[in-house]
Amino acid sequence: MNTLHLYIRSMGMLLKSQLQYTSSFIMQTLAQLVMEGGEMLAVILVIDRFENLKHWTGGNLFFFFGLMSVSFYITEFFGRGVTGNFPSMVRSGQLDTLLLRPRGILTQVLCSGMDPRRISCIAVGVVALVMGSSMSDVSWSVLKVLALAESVCMSCMLILGLFMIEDILCIHSVKSVELVNALTYGGRSACQYPIDIYPRPLKILFSVVAPFALTMHVPAGYILGKPLYGWPVWTVFVTPLSGAVVFVIMVMLFNRGIKFYRSTGN
Amino acid sequence: MSYIEVNNLRKTFTVRKKREKGKFFREMEIIEALQGISFVVEKGELVGYIGPNGAGKSTTVKILSGILTPESGEAKVGGRIPWKERKEYVKHIGVVFGQRSQLWWDVPIVDSYSLLKDIYRIPEKDYKDRMDELVEALQLEKLLRTPLRLLSLGQRMRAELCGSLLHRPELLFLDEPTIGLDAVSKLALRDFLKWENKEHGTTIMLTTHDMEDIAELCSRVMVLGHGQKLFDGNLKDLLEKYDTVRTVTVKYNTAEPKLELTEGAQIIKKDGEIRITYTPSEIPTANMLELLQRAGNINEMTLESENIDHLIAAMYKEMDL
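Chains A and B are the protein sequences, given in the same order. Under my numbering, residues 1 to 266 are what the first sequence spells out, in order. Under my numbering, residues 1001 to 1321 are what the second sequence spells out, in order.
Bear in mind the hints are in silico, worked out from the structure with no lab data behind them. Careful: at least some of the hints might be erroneous.
[Said to hold, decoys possible] Keeping only pairs whose Cα atoms sit at most 16 Å apart, straight-line, the calculated EDC-like set for lysine to aspartate or glutamate is: (1) B:K1241 <-> B:D1132; (2) B:K1087 <-> B:D1118; (3) B:K1198 <-> B:E1045; (4) A:K259 <-> B:E1045; (5) B:K1091 <-> B:D1118; (6) A:K259 <-> B:D1106; (7) B:K1194 <-> B:E1133; (8) A:K16 <-> B:D1106; (9) B:K1241 <-> B:D1182.
Bound conformation, chain B alone (with noise of 0.2 Å):
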């Protein structure tokens, strides 16, 4: 048996729109968040869960979480069920979401993590131990006596961090953990998440729209869109799907060379650059580069691939999201 074994989750949402004038009654508009969802976890999995803002992130992390109540389908957690008994089955799982703080804003952290000890009612060793582990992992100990109101966006992420892994949770939900934070405070982040996974085997799953946290840290990515999932698998295999288009920016010693491009390729002059962009599956790369040689001397070249942005909003659009 798998950690996570959602089957065909259903949520809806119904909402009250605003009344339209000569109507007595406001009418009700019924959003389907999630059509229908399954997926399956193993243990110590660093999953990430992306898609468009509204896809549906949030309310799945928000029923294997225990908040919500889907309509209709099954989700076991280490074989709970979230929505049912939750208080025995969040002493087991921990939540990070990115815009809404855990820890008590007026007092220094310190004091809010004591709290949250007897709130789960953590032994006094165990604290204490995994306490120093944390403030080690997480680089707190200057920062612990300061309220959390006073801390920048990145050590009150680390200071999140912290309270949602004191009473060690087997399963850790994030949602958009990294939004806001800079480059250094991010590459932190997730240096931590790697390590705790790896530590501790915590499975993690994160939801994000920043693709540099997948690439970085998961080794499985499942998007979804329109309440239902479109793509599980690893992030290479869906970049490799959409990955088409290449752009090759080419200086020349000489002056401007003639360039004898097949169809499909398209070429842009600029500053004494020319940005050739093609496709790979009409052009190869090998036949491209032995053109531009052909035409003449070459003094810098650049390959790329689109940005993974790019790459993500080109995948949505094709999903039509």
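Excised from the complex, chain A in its bound form (with noise of 0.2 Å):
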């Protein structure tokens, strides 16, 4: 409770932060917006272009473009320490001051940064959703609210959790590994699209090792009445619990790499 509280007071502290900077807090906001909205006009040339994929219909691709654009920015919205921030603290220094509190080292990183300039690019997401879901004509139930806030809420770990990676590469080499960017930022472009139109090492990649396909499509494909596979029903909320799996792993990674922590001078 008191770390909720923490990380809540963290937050409004940043924000604050933020403001200090009003009109290039505004500027950056908007072209955070002009460029998904950019990303959300691909998806639109698509669906013009073709008007389906496979069987999924220009709806449904809307639905799969919001679900991904919601989750990922969400993420980096309250997670901004992780997906960011990390490296450059590990390379200035600043994690020695993290190490001096009585604190959990991943709590602080978490409460060390926000970017709520990504509100423009959940706000296309948004959109994105509620135009997906009256294209498709989706007909919701409580099951599938559920269905979609357990997705959203797991994806957000999953991505947590894939950002983590390149923390943990970076407290033993001291420097940031783009590598590690063609999980995250590759699984944002790809996994904006189901699955099932990927060749197989893609599949793969996406639903075993970055298991976005089993996060976000397998949910999906039950809102908008098309299962992937057609798989049962309880898959649908039993898949996306490998984001949890991945963050759970991640975590124990992450404070197991940090007592290989080396500092640097001063």
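With the hints in hand, could you dock these two chains into one complex?
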């Protein structure tokens, strides 16, 4: 409870910091809007050109896109410490400061960063989700709402977990490892389309290694009334848990990695 | 049992060198940052920790504050091992890095303090009392609503000190606290540290390059070089050990006097002044004065021992650092 309280207070503080530079904040938020709007435009163009992608209609694709945007940018919004700041904290030695405080390191890293500019990206995602569900004539039920909520939560944990790979590596070599971006940003770009349009290696990559397909596409297929691979309903609530599994494993590795931290000179 | 007990502490770093041409693997170099350091510090002591850059000062501080784990050796602070049970341990210590900020850059410093209160789980009443006390002692009243980034270096150091002492640590580490500060700020800082040490019995360990910090504050000084402890005692003893050279500057009323100097003294004549450098162990100061008197009518005379920084430089040189 106390930790949550601390997190909320830290977020308030960070927001305050960001708003010290109001004009820059507004401009960057708008820039993000343009960027994410552009991504959505790409989907619109695809739909305009092909109408269908396999058995997925245009509305379905909007839904997939929206689900990814909402999950990915909620993660970046609230978890900026993990998704962006950590490598520079290691390099600048700011991690030392965190080690001097009687709190968990991961808690403090999460408390150290937020990115409120992402609000515009989340908004684009929500618009896509609403458009997608109305174009696909989704008949919402309690179960479907639950499936969507679980999907977003688990996807956020998955994305956070994947970003932590980079953090763990950089504790060891004191340098950011771009390779991991293939999983995180690459996963975002690839998995805003349903998994079954991809060839086998990519299917495996995004179901086993970085299971976006399990946290997003299985529930989304159910919500859209086209179960992925025709899997039964219970899988919709089970497979997304893989996101939590990835997250827990990464948290364990992270805490192990911290023991090897060697600090930088001053 | 002493408050801090350090026994044969070792720490090595492996540094990957740049890959040389024609070699497939990069060579590794092992740097021994600490080669078996031992010392004890009693509660309430104010200890200075000096040594040239790269001697292992910061490494010691980092190990004792729980950031780094040593290769071998023991260290106990107040009965706790710093690098084990980190969270429990750091509640009892405060650390100020002269070149690294612990407060939040863009928000008023009072907001930073209030967040630290939550991080350290300081009870409301305790926090208020301590804040009042520190704000007064550090003269922070007018700065509380100012964001950290708008503070001058001296003000920022005071703000950092307040932040690191809010939770009433028993032990305070200061890593080069006076670096870059002006004379007034330095004096204020030293006064504050003395006050904190006296008032609350806080044990203070500081690393510095400023010998005046040591002379003003520390009852005890440890010299570190190449990862080894070279001296441990009070500053006076250290200076006596290395304080070898004196300089006399003399002005005479009459025209240039004829000095009959014994061997071992050097003489420089410049702008109607005579500067004589000598070593008291070779020529006792009394003899030197007598010699000057005999030479003629002294108008002005100053006798000075060498600048403390020069002494330390000489010491480092002699110790081959």
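Proposed proximity, B:D1182 with B:K1241 (alpha carbon, max 16 Å): violated, 30 Å
Sort out whether B:E1045 lies within 16 Å of B:K1198, counting only the CA atoms. holds, 10 Å
Given the proposed pairing of B:K1091 with B:D1118, does the C-alpha separation stay at or below 16 Å? holds, 12 Å
Quickly compare the C-alpha distance for A:K16 and B:D1106 to 16 Å and report which way the hint goes. It holds: about 8 Å lies between the C-alpha atoms, which stays within 16 Å.
Pair hint B:K1241 and B:D1132, alpha-carbon separation not exceeding 16 Å: violated, 44 Å
Mind checking the alpha carbons of A:K259 and B:E1045 for me, to see if they're no more than 16 Å apart? Violated, at roughly 31 Å.
Please verify whether B:K1087 and B:D1118 have alpha carbons no more than 16 Å apart. Satisfied, since the Cα-Cα distance of roughly 14 Å is no more than 16 Å.
Pair hint outcome, B:K1194 versus B:E1133 [Cα-Cα no greater than 16 Å]: Distance of about 15 Å is within 16 Å: holds.
Check whether the Cα positions of A:K259 and B:D1106 lie no farther apart than 16 Å. Roughly 31 Å separates the two Cα atoms, so the pair is violated.
Violation of the numbered hints given earlier is confined to hints 1, 4, 6, 9; the remaining hints are satisfied by the structure.
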